[in-house]
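**Student:** Here's the letter readout for the chains.
Protein chains: 2
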Amino acid sequence: MTENITMPAPAEELPLTDSVKEALAIAKRGCDELIIEAEFAQKLARSEKTGTPLRIKLGLDPTAPDLHLGHTVVLNKMRQLQDLGHVVIFLIGDFTSLIGDPSGRNATRPPLTREQIEENAMTYFKQASLVLDPEKTEIRYNSEWSDALGARGMIKLAAMYTVARIMERDDFSKRFKAGTPISVHEFLYPLMQGYDSVALKSDLELGGTDQKFNLLVGRELQRQVGQEPQCILTMPLLEGLDGVQKMSKSKGNYVGIKEPGNVQFGKLMSISDDMMWRYYELLSFKSIQEIEKLKKAVAEGMNPRDVKVAFAQEIVERFHSKADAEAALQDFVNRTHGGIPDDIPTVKLSGAPLPIGNLLKQAGLCPSTSDAMRMVQQGAVRINSEVISDKALKVGAGTMVVQVGKRRFAKVELA
Amino acid sequence: MTENITMPAPAEELPLTDSVKEALAIAKRGCDELIIEAEFAQKLARSEKTGTPLRIKLGLDPTAPDLHLGHTVVLNKMRQLQDLGHVVIFLIGDFTSLIGDPSGRNATRPPLTREQIEENAMTYFKQASLVLDPEKTEIRYNSEWSDALGARGMIKLAAMYTVARIMERDDFSKRFKAGTPISVHEFLYPLMQGYDSVALKSDLELGGTDQKFNLLVGRELQRQVGQEPQCILTMPLLEGLDGVQKMSKSKGNYVGIKEPGNVQFGKLMSISDDMMWRYYELLSFKSIQEIEKLKKAVAEGMNPRDVKVAFAQEIVERFHSKADAEAALQDFVNRTHGGIPDDIPTVKLSGAPLPIGNLLKQAGLCPSTSDAMRMVQQGAVRINSEVISDKALKVGAGTMVVQVGKRRFAKVELA
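Residue numbers (our numbering), protein chains in the order written: chain P, 25 to 439; chain U, 25 to 439.
Just so you know, not all the hints are guaranteed correct.
Copies of the same chain look alike in the list, so a pair counts if it works inside one copy or between any two.
[Unchecked claim] Taking lysine-lysine pairs in the DSSO-like style, the calculated list, with each CA pair at most 27 Å apart, reads:
| no. | residue 1 | residue 2 |
| --- | --- | --- |
| 1 | 319 | 415 |
| 2 | 45 | 73 |
| 3 | 236 | 180 |
| 4 | 282 | 372 |
| 5 | 435 | 346 |
| 6 | 225 | 52 |
| 7 | 236 | 201 |
| 8 | 415 | 52 |
| 9 | 282 | 346 |
| 10 | 275 | 73 |
Keep in mind that the hints were calculated from the coordinates and are not lab data.
The task is simple: from the sequences and hints, build the whole structure.
**Tutor:** Structure (structure tokens):
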């Protein structure tokens with residue numbers, strides 16, 4: 025804890041150059057809220073003047089991640105800021121994970137070991153590096169300064185915030201009113217996270233809109249110890265493929281970054297034209313100006329489907345390769361222009377609902393169920409042209425065209 | 025923090041011997057609440073059976089004390105328990121004092137140094153030893169185990185209690201409802217105090233009725249780590265000499281344990297007969313049986329004034345000496361039987377209000393103001409038969425008999 029507090033002298037207000045204004049526009053692209061814009065403009069101007077990059081914090085839980093495009097919205101914003109020359113701090117919140125669930129209510133959540141935490145962090149970093157520039161990313165663990173607080177530091181930290189202000193957090197006030205138990209330690213977590221900003225001397229913290237409360241705590245704590253407070257940039261939660269609900273694995277409306285390229289491609293081609301522009305804004309590496317040009321072209325008669333293809337290819341290329349993006353396009357074209365031969369065999373099977381692996385084996389499309397599983401995993405299996413990605417799928421009774429890879433087909437009558 | 029929790033096997037229920045029943049009656053004498061009596065009876069029975077003394081905790085702030093009789097109610101109870109063979113732990117809550125006021129709102133309350141804390145604790149212990157048996161008193165400082173908790177231990181501790189339960193504490197719920205700020209660290213203090221009971225393996229904790237909430241936290245935390253929970257004994261707050269308000273220095277209705285014997289004696293003789301029995305119950309070392317005998321004697325015609333004299337003498341003897349108790353009685357008798365000579369000189373003074381020291385010097389009753397201060401301190405100064413204990417007293421205009429010691433008198437006409 026900083027013992028002696030000296031407030032920094034108020035900085036002179038710098039004029040905003042064109043490049044600062046441009047950087048500000050990039051930072052604000054697609055964002056939900058920037059707190060406070062004028063302060064952030066000054067930070068950008070000072071950074072430009074002094075040649076000192078801004079320090080941008082992204083706090084992460086050290087859980088084993090399996091990212092989908094929704095998670096990459098914030099990463100994408102960081103990438104844009106990295107491209108402007110700033111430094112991203114990938115902050116692993118390992119401290120509390122080393123404790124586990126201290127309430128002991130969740131016996132199935134034992135504390136993570138240091139090895140598990142580092143492995144999870146590296147898995148996350150590897151996935152995130154498909155979006156971020158790893159050269160301009162610093163990885164830090166908050167146990168570095170949290171343990172050093174000690175019991176006394178924790179009390180001092182807790183003294184910096186009032187119960188009433190912590191209770192302003194939506195979930196706390198709701199739970200308190202509903203009589204749902206809140207453990208006292210849950211009040212300490214936002215403070216620990218805020219203290220991370222103090223320890224890192226963060227200039228900007230990014231998060232989802234649902235993180236706004238926690239990000240503001242950091243701002244307040246920095247002010248209290250006499251640091252210039254960080255700005256806050258919240259990004260919206262990305263809508264899923266349905267264009268209505270937030271993208272989430274459990275809702276099935278997601279595009280996983282590790283899904284096969286042709287699966288990603290097919291899913292992205294299914295979104296509405298409106299959602300396409302939303303995805304462009306939040307996920308594309310194309311500049312604001314380039315996107316404006318595309319919009320203009322569509323307004324003047326260009327088929328939006330072609331713009332969607334370009335976007336889907338950009339995403340597949342980012343998470344796989346240019347070749348995969350080409351193959352996914354080709355595959356999509358084949359399929360949508362009707363790639364199913366006329367002379368496919370008809371197979372009669374019984375035992376519905378039948379696991380997908382058994383169906384493929386019994387239809388003679390795969391030599392074994394394990395081979396069948398592999399094909400599903402590769403996104404090479406389709407039923408009635410729809411890619412099947414769920415290895416646990418049980419197929420119900422009916423007549424359907426089943427396809428494995430480019431050439432194996434069967435018309436299955438399943439009873 | 026205890027990591028592995030094993031609940032103790034439920035102990036067999038022991039029969040209560042006569043001596044255990046007697047001890048229970050002594051423990052309950054004058055108490056406000058004993059939580060839970062049946063549990064405490066079992067602790068006493070087990071202690072008797074195994075010859076292991078109970079560990080009785082009294083938590084204290086390491087502030088410089090200036091005790092009055094009200095403070096000694098709890099000490100007296102501890103003394104009774106010591107006389108039954110149990111061990112008293114004089115727990116100095118130094119940990120939080122070493123932090124000071126972490127909110128920084130009270131700049132006039134800097135953290136105490138280790139030396140100041142130990143000095144205050146010793147001052148307290150020295151005063152308390154006039155009531156307690158110092159041989160059966162252990163002095164402990166809670167920084168011993170609180171620092172060792174570290175930041176993680178603090179979080180684990182905080183996880184053991186819910187916000188809703190902490191909010192049940194009267195002052196918290198009132199302040200929260202009134203919108204008066206409560207710092208988050210204030211929620212940690214009852215938990216730290218409760219953890220002291222865990223660290224000490226306390227069997228019984230004593231406190232004023234106003235401490236009940238905090239004492240119960242200790243009970244709960246012990247249960248959570250698998251210790252047999254401590255029992256709680258709350259003592260009432262002693263009424264002052266007026267018999268109405270709580271004894272307090274600021275209300276002037278107190279008997280300080282460092283006040284001169286004749287001052288104490290005079291003050292105690294001023295209480296009502298009803299209050300006298302209350303004081304006997306809470307402050308006398310006389311047994312329950314002895315007090316019953318006195319009550320019976322009064323009912324049968326004994327002058328209650330004589331019972332009051334015996335009590336006042338017991339108190340003066342405890343805090344001074346047997347000789348002082350005798351002298352105080354003699355002094356009281358002299359005074360109440362009219363000890364003022366007829367032929368005292370009359371002195372005319374001006375300058376009212378006049379500091380007491382100047383008055384005594386100018387009236388020729390003391391050779392110097394510093395001598396006058398000493399006489400006030402010794403309780404040797406009276407105005408109109410009332411002992412003056414306030415060295416800063418300014419005497420207003422009027423005519424009064426001023427007395428110093430046994431023989432020096434003057435009739436002062438102050439203008």
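**Student:** Evaluate each hint against the coordinates.
**Tutor:** Verification of the hints:
In the homo-oligomer, the alpha carbons of residue 319 and residue 415 never lie at most 27 Å apart, since the shortest distance is 39 Å inside one protomer and 89 Å across protomers. Proximity of residue 45 to residue 73 under the C-alpha cut-off of 27 Å is restricted to the intra-copy arrangement: shortest distance 14 Å within a copy versus 83 Å between copies. Taking CA atoms no more than 27 Å apart as the test, residue 236 paired with residue 180 passes in both settings, with 23 Å inside one copy and 26 Å between copies. For a Cα distance limit of 27 Å, the shortest separation of residue 282 from residue 372 qualifies neither inside one copy, at 34 Å, nor across copies, at 104 Å.
In the homo-oligomer, the alpha carbons of residue 435 and residue 346 never lie at most 27 Å apart, since the shortest distance is 33 Å inside one protomer and 113 Å across protomers. Taking the shortest Cα distances, residue 225 and residue 52 sit within 27 Å of each other inside one copy (22 Å), while across copies they are farther apart (58 Å). Taking CA atoms no more than 27 Å apart as the test, residue 236 paired with residue 201 passes in both settings, with 21 Å inside one copy and 26 Å between copies. Taking the shortest alpha-carbon separations for residue 415 and residue 52, neither the intra-copy value of 40 Å nor the inter-copy value of 71 Å comes in at or below 27 Å.
Within a single copy, residue 282 and residue 346 get their C-alpha atoms as close as 15 Å, which meets the 27 Å cut-off; across copies the closest is 90 Å, which misses it. Taking the shortest Cα distances, residue 275 and residue 73 never come within 27 Å of each other, neither inside one copy (47 Å) nor across copies (65 Å).
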